[in-house]
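Visitor: Order-wise, the sequence lines are chains W and S. Under this note's numbering, the first residue of the first sequence is numbered 1, with each subsequent residue one higher. Under this note's numbering, the first residue of the second sequence is numbered 1001, with each subsequent residue one higher.
Incorrect hints may have been included.
What the hints assert, rightly or not - Only pairs whose alpha carbons sit at most 20 Å apart, straight line, appear in this in silico SDA-like list of lysine to any residue:
| no. | chain 1 | residue 1 | chain 2 | residue 2 |
| --- | --- | --- | --- | --- |
| 1 | W | K14 | S | S1315 |
| 2 | W | K14 | S | E1345 |
| 3 | S | K1284 | S | G1254 |
| 4 | S | K1230 | W | R64 |
| 5 | S | K1380 | S | R1300 |
| 6 | W | K14 | S | T1333 |
| 7 | W | K3 | W | E24 |
| 8 | W | K92 | S | T1330 |
| 9 | S | K1372 | W | D54 |
| 10 | W | K92 | S | D1321 |
| 11 | S | K1331 | W | P82 |
| 12 | S | K1380 | W | Q41 |
| 13 | S | K1005 | S | D1475 |
| 14 | S | K1380 | W | G58 |
| 15 | W | K92 | S | T1333 |
| 16 | S | K1372 | W | V45 |
| 17 | S | K1376 | S | S1363 |
| 18 | S | K1256 | S | Q1282 |
| 19 | S | K1380 | W | D46 |
| 20 | S | K1372 | W | G37 |
| 21 | W | K14 | S | E1337 |
| 22 | W | K3 | S | D1413 |
| 23 | S | K1376 | W | T57 |
| 24 | W | K14 | S | S1364 |
| 25 | S | K1376 | W | D54 |
| 26 | W | K14 | S | D1344 |
| 27 | W | K92 | S | N1334 |
| 28 | W | K92 | S | L1335 |
| 29 | S | K1372 | W | L51 |
| 30 | S | K1230 | W | Q55 |
| 31 | W | K92 | S | A1332 |
| 32 | W | K92 | W | N80 |
| 33 | W | K14 | S | N1334 |
| 34 | S | K1376 | W | D46 |
None of these hints come from the bench; they were simulated from the model.
One letter stands for each residue in the lines below.
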Amino acid sequence: MSKIGVTEVERVAKLARIGLSPEEAAQLSVELGHIVGFVEQLAQVDIEGVLPTDQVTGLVDVWREDIVMPSLAREQLLANAPHQQDGYIVVKRVLNG
Amino acid sequence: MVDLKRPIAELVADVLAGQLTAIQLTATSLEQIAATQQYHAILELNPNAMRDAENVDARVAAGETLPLAGIPFIAKDNFLTASTHTTAASNILKPFIAPYEGPAILRLKAAGAVLVAKANMDAFGHGGSTENSDFGPTKNAHDATRVPGGSSGGSTTAVSLGQACFAVGTDTGGSIRQPSSLSGVVGLKVTYGLVPRSGVVAMASSTDTIGPITNCVADAGVVLDVLAGKDASDSTSIDRDTKSYSAPAASIKGLKIGLIKEYLIQGLDPDVKAKLLSFVEQLKAQGALIEEVSIPATIRALAAYYILVPAEISSNLARYDGVRFGHSSTKATNLEETYRLSRDEGFGAEAKRRILIGTYVLSSGYYDAYYKRAQKVRTKLIDEFTQAFKKFDFLIGPTAPTPAFPLGSKSGDPLAMYLEDVMTVAVSLVGSPALVVPIAVVQKKLPIGLQIIGPQRSERALLQTGMAIETLAGDWQAA
Chain W
1 MSKIGVTEVE RVAKLARIGL SPEEAAQLSV ELGHIVGFVE QLAQVDIEGV LPTDQVTGLV
61 DVWREDIVMP SLAREQLLAN APHQQDGYIV VKRVLNG
Chain S
1001 MVDLKRPIAE LVADVLAGQL TAIQLTATSL EQIAATQQYH AILELNPNAM RDAENVDARV
1061 AAGETLPLAG IPFIAKDNFL TASTHTTAAS NILKPFIAPY EGPAILRLKA AGAVLVAKAN
1121 MDAFGHGGST ENSDFGPTKN AHDATRVPGG SSGGSTTAVS LGQACFAVGT DTGGSIRQPS
1181 SLSGVVGLKV TYGLVPRSGV VAMASSTDTI GPITNCVADA GVVLDVLAGK DASDSTSIDR
1241 DTKSYSAPAA SIKGLKIGLI KEYLIQGLDP DVKAKLLSFV EQLKAQGALI EEVSIPATIR
1301 ALAAYYILVP AEISSNLARY DGVRFGHSST KATNLEETYR LSRDEGFGAE AKRRILIGTY
1361 VLSSGYYDAY YKRAQKVRTK LIDEFTQAFK KFDFLIGPTA PTPAFPLGSK SGDPLAMYLE
1421 DVMTVAVSLV GSPALVVPIA VVQKKLPIGL QIIGPQRSER ALLQTGMAIE TLAGDWQAA
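Make a model of the complete structure from these sequences and hints.
Guide: Okay, here's the thing in structure tokens:
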């Protein structure tokens, strides 16, 4: 039984900026339902008083020197941009109209 | 023809002595890739390979003592390399040519290794069979009707076929170990941070690691010696061992080894189990002190992994926006559509599943129930492994529940494919190193590898023990 309805799939897809066809959304509703159904077993684990882990090797934040380091040239970084003009990346307008 | 399966140290000695050249080795590698191309291990050849080999020969002639002089290698296609495309086997990165290379590739090249090709993989590292490649699956070197495992399946098939002397792969939840087991090669997943991750397409930043895939354990030590150590470009990288990782074999006698009990029951193939237990008896006969150990949280590790890792994937894959690099939809009429359509057209089904799962578990109202809870289960897992390492030098178990399975047999069921990772993900969440060494075949030809797990930063001892285990396994293809 699917626990994630098509509306929920569409809500999450919107957050993730992935366009989905109605067929894809229907299939994902079933597949994501299975996966979420599987991971829900963690509700059975006793985690009382346990702290969350973000990082496993015990490193702590350190300062680095505030000095200018070499970086890649603008042309190199722009070379992969699908659309560009005068040294800038070109994007579609934000709003139609 | 040179035998590329000879130990790397021997080949390097021959190159430095002038008895072999980088050009000869590289030419052999390219010939072998061409002769076995039907396995589809390779996505793209390095067009500069022969010229790079020439440069290495010139450096050797000038007296440089290079630790990997003239050794041809293959990089999984999620390593940024300047002279080829870097696609991570995904359509969304199909046009991408990297503007820089990271420490792993730079260190290998500086050491005299020659990049010959980029290997196939499950797109972005998402999968356990290499069938999730957007460019078609790779076949198993031991049976072309079966998968090589994944996600580094192109790399393990390539090494198994002798297409190069070694490959560099990545392991986030088992992506070096499981295909090494299924393909009959040696694979090392390092302590988190030991090899800097900069210059590799990110999957899950808290468990991504880089490691060697080789023909023998000694080769893994030689390559790790070049790869390991902190770099300013990855703030999570750690210091390497002050001693060499390329050290002589240790004795098995007196070693305290824990056999992880939970891995012997979770759907383990009976043939795999029988061969594993028979090998455990051989280890005992050599004087190893082996007993079963229970690590209960491993039962929940897969569920925790499939919350934490998709969460990190959804963040890391947000950068594919159709604007700065990669595929950009031609149908978009505004910026929002550029994002949505480029991502819909460019990502395969598994990348979409993982992005959506990750977005779901991180979204408002679900974060505490899924993500934060999984982070706490991760802590429990770490505590249990820490306890186990107080009693044992190493932990062992199978690497994967099954030998190589037929192409197509699991690709329709995402959850069945996730279960391939059931014996590898705990180590990833804990950040420990683990070495896979082939020990036997089942069904007369399908390799299986033993997974040997050590405490964090124990690679040197792990490799030394691995060498002894490899010697004991001997002619494993007959076992």
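Visitor: Evaluate each hint against the coordinates.
Guide: Status of the hints after comparison with the structure:
1. K14/W / S1315/S: At roughly 14 Å apart (the allowed maximum being 20 Å), S1315/S and K14/W satisfy the hint.
2. K14/W / E1345/S: 15 Å, holds
3. K1284/S / G1254/S: 9 Å, holds
4. K1230/S / R64/W: The hint holds at about 14 Å.
5. K1380/S / R1300/S: 10 Å, holds
6. K14/W / T1333/S: Cα-Cα ~17 Å, so holds.
7. K3/W / E24/W: Roughly 16 Å between the alpha carbons, so the hint for K3/W and E24/W holds.
8. K92/W / T1330/S: 11 Å, holds
9. K1372/S / D54/W: The given pair, whose Cα atoms are some 10 Å apart, holds under the 20 Å limit.
10. K92/W / D1321/S: 12 Å, holds
11. K1331/S / P82/W: 14 Å, holds
12. K1380/S / Q41/W: Distance of about 15 Å is within 20 Å: holds.
13. K1005/S / D1475/S: With Cα atoms ~15 Å apart, K1005/S and D1475/S stay inside 20 Å; holds.
14. K1380/S / G58/W: With a Cα-Cα distance of about 16 Å, the restraint between K1380/S and G58/W holds, given a limit of 20 Å.
15. K92/W / T1333/S: OK: K92/W and T1333/S at ~7 Å, within 20 Å.
16. K1372/S / V45/W: 13 Å, holds
17. K1376/S / S1363/S: 18 Å, holds
18. K1256/S / Q1282/S: Answer holds: K1256/S to Q1282/S is near 15 Å, not above 20 Å.
19. K1380/S / D46/W: The given pair, whose Cα atoms are some 10 Å apart, holds under the 20 Å limit.
20. K1372/S / G37/W: Distance ~17 Å between K1372/S and G37/W Cα, so the pair holds.
21. K14/W / E1337/S: Judged against 20 Å, a Cα distance of about 11 Å means the pair holds.
22. K3/W / D1413/S: Answer holds: K3/W to D1413/S is near 17 Å, not above 20 Å.
23. K1376/S / T57/W: With a Cα-Cα distance of about 16 Å, the restraint between K1376/S and T57/W holds, given a limit of 20 Å.
24. K14/W / S1364/S: Given pair K14/W, S1364/S holds - Cα atoms ~14 Å apart, limit 20 Å.
25. K1376/S / D54/W: 9 Å, holds
26. K14/W / D1344/S: Given that 20 Å is the threshold and the Cα spacing comes to 11 Å, the pair holds.
27. K92/W / N1334/S: Since the Cα atoms of K92/W and N1334/S sit roughly 5 Å apart, the hinted pair holds (cutoff 20 Å).
28. K92/W / L1335/S: 5 Å, holds
29. K1372/S / L51/W: Answer holds: K1372/S to L51/W is near 9 Å, not above 20 Å.
30. K1230/S / Q55/W: 16 Å, holds
31. K92/W / A1332/S: Since the Cα atoms of K92/W and A1332/S sit roughly 8 Å apart, the hinted pair holds (cutoff 20 Å).
32. K92/W / N80/W: 17 Å, holds
33. K14/W / N1334/S: 15 Å, holds
34. K1376/S / D46/W: 10 Å, holds
Violated hints: none; the structure is consistent with every hint.
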